[in-house]
Amino acid sequence: MQYIIPRDDTSSRSLSLPERAFLRNAARGVSSSTGSILRLDGRAPSEARPIRLSFSRCHNRAECTVQLGNGTRSAASVRAELVPPPNADRPNDGQVKFGVEVGPMGCMGYENTVPVSNYAVGESVDGGQAGSGGGGDVPYIQRLASNRILRLLERTLLIGGSIDAEALCVQAGVWVWRLHVDVSLLDDGGNAIDACVLAAVAALRHYRLPEVSMGGDGDDVETSEAVSSGYQETNIIHSDDREPTPLPLHHTPLTATFALFADETGTTTAVSALLDPYDREELACDGLLTWSFNKYGEMCCVDFPGGCELRPRQLTASSNLGKRRCIEICELLETALVEAESKAQQDRMDRLKQVNAMRQSLGGDEESTTTMPANIPVTDEDEEDEQYRLRALDYSSGHIPAPVKEDKVKKGSHGKNMKGETSSLFHAILRSAQSTSLEKPMDEDKPLAVGTNDMSVEKKSTVELVAHTVKPEATNTKKTEPTKPKLQKPKPIQSASLDDSDEEEVVQLQSEFTTTEQEPDQESTAPMEIDSNDSPTVVEQIPRSKKSKSTTRTEEAEEDDVDDLAMAVKKKKKSKKPKKK
Amino acid sequence: MAYSRPSNRKPSTLRPLSAELSPLHRSDGSASLKCGNTHILAAIQGPIAPRIPNRERYDRGIVSVAFSKGLVMMSNAVAGGGNSFGGVVQDDDNNIDNTINSTNNSTMTSLPVPLPSGGGATERELEYFLRDALSSCIMLERYPRCVIQVVIQIVQADGSVLGTAVNCAVMALMDAGIAMRGLAVAATCVAVKNSSVERAEDMDVDTGEMGQNKNDKVTVWLDPTAEEESGEGHGMVVIVIDASKISKQSNSCSITSISKDMDQVELNAEKDDAKIITSFTYGSPLSLAGLLSSIESSKQSCAAFAAFMRLAVEQKVQKEEQTLWS
Numbered sequence: 019m020q021y022i023i024p025r026d027d028t029s030s031r032s033l034s035l036p037e038r039a040f041l042r043n044a045a046r047g048v049s050s051s052t053g054s055i056l057r058l059d060g061r062a063p064s065e066a067r068p069i070r071l072s073f074s075r076c077h078n079r080a081e082c083t084v085q086l087g088n089g090t091r092s093a094a095s096v097r098a099e100l101v102p103p104p105n106a107d108r109p110n111d112g113q114v115k116f117g118v119e120v121g122p123m124g125c126m127g128y129e130n131t132v133p134v135s136n137y138a139v140g141e142s143v144d145g146g147q148a149g150s151g152g153g154g155d156v157p158y159i160q161r162l163a164s165n166r167i168l169r170l171l172e173r174t175l176l177i178g179g180s181i182d183a184e185a186l187c188v189q190a191g192v193w194v195w196r197l198h199v200d201v202s203l204l205d206d207g208g209n210a211i212d213a214c215v216l217a218a219v220a221a222l223r224h225y226r227l228p229e230v231s232m233g234g235d236g237d238d239v240e241t242s243e244a245v246s247s248g249y250q251e252t253n254i255i256h257s258d259d260r261e262p263t264p265l266p267l268h269h270t271p272l273t274a275t276f277a278l279f280a281d282e283t284g285t286t287t288a289v290s291a292l293l294d295p296y297d298r299e300e301l302a303c304d305g306l307l308t309w310s311f312n313k314y315g316e317m318c319c320v321d322f323p324g325g326c327e328l329r330p331r332q333l334t335a336s337s338n339l340g341k342r343r344c345i346e347i348c349e350l351l352e353t354a355l356v357e358a359e360s361k362a363q364q365d366r367m368d369r370l371k372q373v374n375a376m377r378q379s380l381g382g383d384e385e386s387t388t389t390m391p392a393n394i395p396v397t398d399e400d401e402e403d404e405q406y407r408l409r410a411l412d413y414s415s416g417h418i419p420a421p422v423k424e425d426k427v428k429k430g431s432h433g434k435n436m437k438g439e440t441s442s443l444f445h446a447i448l449r450s451a452q453s454t455s456l457e458k459p460m461d462e463d464k465p466l467a468v469g470t471n472d473m474s475v476e477k478k479s480t481v482e483l484v485a486h487t488v489k490p491e492a493t494n495t496k497k498t499e500p501t502k503p504k505l506q507k508p509k510p511i512q513s514a515s516l517d518d519s520d521e522e523e524v525v526q527l528q529s530e531f532t533t534t535e536q537e538p539d540q541e542s543t544a545p546m547e548i549d550s551n552d553s554p555t556v557v558e559q560i561p562r563s564k565k566s567k568s569t570t571r572t573e574e575a576e577e578d579d580v581d582d583l584a585m586a587v588k589k590k591k592k593s594k595k596p597k598k599k
Numbered sequence: 088m089a090y091s092r093p094s095n096r097k098p099s100t101l102r103p104l105s106a107e108l109s110p111l112h113r114s115d116g117s118a119s120l121k122c123g124n125t126h127i128l129a130a131i132q133g134p135i136a137p138r139i140p141n142r143e144r145y146d147r148g149i150v151s152v153a154f155s156k157g158l159v160m161m162s163n164a165v166a167g168g169g170n171s172f173g174g175v176v177q178d179d180d181n182n183i184d185n186t187i188n189s190t191n192n193s194t195m196t197s198l199p200v201p202l203p204s205g206g207g208a209t210e211r212e213l214e215y216f217l218r219d220a221l222s223s224c225i226m227l228e229r230y231p232r233c234v235i236q237v238v239i240q241i242v243q244a245d246g247s248v249l250g251t252a253v254n255c256a257v258m259a260l261m262d263a264g265i266a267m268r269g270l271a272v273a274a275t276c277v278a279v280k281n282s283s284v285e286r287a288e289d290m291d292v293d294t295g296e297m298g299q300n301k302n303d304k305v306t307v308w309l310d311p312t313a314e315e316e317s318g319e320g321h322g323m324v325v326i327v328i329d330a331s332k333i334s335k336q337s338n339s340c341s342i343t344s345i346s347k348d349m350d351q352v353e354l355n356a357e358k359d360d361a362k363i364i365t366s367f368t369y370g371s372p373l374s375l376a377g378l379l380s381s382i383e384s385s386k387q388s389c390a391a392f393a394a395f396m397r398l399a400v401e402q403k404v405q406k407e408e409q410t411l412w413s
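Here the protein sequences line up with chains A and B, keeping their order. Going by my numbering, the letters in the first sequence line up with residues 19 to 599, in that order. Going by my numbering, the letters in the second sequence line up with residues 88 to 413, in that order.
Some chain A residues near chain B, calculated using beta-carbon distances under 10 Å: (1) S74; (2) C76; (3) Q85; (4) A93; (5) S95; (6) E119; (7) G121; (8) M123; (9) L204; (10) D205; (11) D297.
In case anyone wonders, no lab produced these hints; they're calculated from the structure. Beta carbons are placed, not taken as given, at the ideal position from N, Cα and C, and that holds for glycine.
Construct the complete structure from the given sequences, taking the supplied hints into account.
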């Protein structure tokens, strides 16, 4: 019986001493010859990771997922309910309730605990529902983090006056809106504060408050009776029937967080501030400083829980940096929201059209029902493919990762079923590749392809070993796959016979991205085949096409759902390659 | 043609599926599964040391499931307010009751997943259900004294949430590389009683004959949306099947005979027949005919979904191959 050493979460909450020393020296600029600050992921000290926003909205709910770089991901959702005014002193004020959850999904050490809010009115916090209690300082640290996010949200949005509580009133003294904003940290890769706040604010901006109809507004006698008896029929109208309204937000505060590294020896008071720290930097830093500005450059909040000493001049310098960064994110958020709004409107139109069509077809004649299906499935499918293609290519802000698109699965016919699935994804990629490959400059790639031959030769020896071990397993599992022959359609690339369909599929996918390159590659790799084994050929082609891909930014879209992040910031095109997984 | 289902599909058609493996990086394995408008995110940490030492078992591992709390309160609104998507006119009365009730008890006494208000399952029960479903297919004896922690986040809920959560958790387990002896795939069915069969195509299921033996005919819809779940008299069942054991020859009816008054049912237990791991019923009561026809439908649905899972994992492996070995 094999013995497994159970892992615990120490790796996620502490660093080894050498790693810590290395990070700190790099961050303080001690180790480099020019004295410049270095970061382990190659960013400049005031450079942040690319942000990806994705929105969704339905009746009485809006969600936003924020991803910072590859590591940090957080989601927020907003919904509202009608309640009697919770505060007797203020019968016209609505209420906003924030909930922040930093759970075990974010990081191994986190637990199912709930942060404590100062403004939890009339709610009993179920702290005892923690999934697995346990002692130690881990839950304490985690609760600190979630508390910090919660209080930051409350301070900027509630106390800071960006949400107008009085505007949330529906009927004075009778009904007000209570907004629930729930933020979850899905992945903690550092700088959870910025991600959570951005998600919450973005969701609030994207949310639309539904209309309310007050019953009995025809007859005055009835309404006064109803009001006096304490009950009046109030309905929340569905968002498809009546257009909902945006929330009354005066301004949009966003945050920028710095990790501070001070000199431990105390000889100098120089403090390095790194913008948008990732998880290692957060663990090694002395303190975290968070600034909150809105797009007008007004300061909404400062959060500096300590950790190192800052001189006033350093504080103001970092505030300028924070202001610039917040304004940047504000603009990014605006563009993302505009696009999300148009998409939501589009969805709503489609839904209404579909409802109308269904109503017509259900209530119409037999003839009309038979003519409808002829039109609808075809156009829907084409439109769907078109939408898929456009989405896959659109890497402006608000980009949604192009999913593995599946057609509707029909029961019973498995062979046909698989073909439907793969061919739709396949065709979509094909179409998008064909449209972009026209833009790609041909000449640029060919010399590059030839040039990397030497490199791949060296790599071949090391990679070959791996490919050999992978291959037998692959053949065992995939031999019975009935659908692989279908993928041979577009290009019979390999000169030698391929018995492993898995690797052939790899090659096929590559061919979509680099349609013109494969021919010169073919001739050059033929003499390289030492043995009849096909794996070296396959593996070599991958690095080659990878290299060429990196030169053309337009191809990034196809890679996007692979590992790279789409550039959410239109203005700032990244000069170096984004971090690959 | 316009089908009788509100979501305008054939009874045996699943919604469009889309999956992404390893979206999260701090977790050992994660999967994001979208089934139509239902979007579930599952994260696996494991095998790790348990926090409470007396929870660990010396001979095998433990699966611990947690539904992410942040979304629990969100689901309440969805459940009470009917469907979140689908443009059919809402039943507005639901909203009133919901809001008035929720002012009194603002703690989480409501349902963790958007089940119809008659469901009555609590968060714990669903977590235990998931834990049982996953424990039976993971080789826990390989991980003694360890915990495999599963966290489920409901990003969007539009029907079939529990079934999709099971599938998403299984994909995350595959992503984490946890040793499994079978592939648990869930299918959600809703059994609709209808007095007359409208079209012959609706009864694709083999057991249509069986339904005709009884006077009440049952149509089984696969993969219901929230709107379909909340219909009157709809009984839902989530069936988790070990998809690695499904035989390739489908359409072999496993029910050989049913006595006239339905108190004796002979099942043809073939050696390579689908193995049902567990099931969960909610909603209105389900008739036996409905349950049996649901089982038949689930088998096919699970086989199709297993093929989809394979595709998703293949894509991930290829992606890794490109990025890690380039």
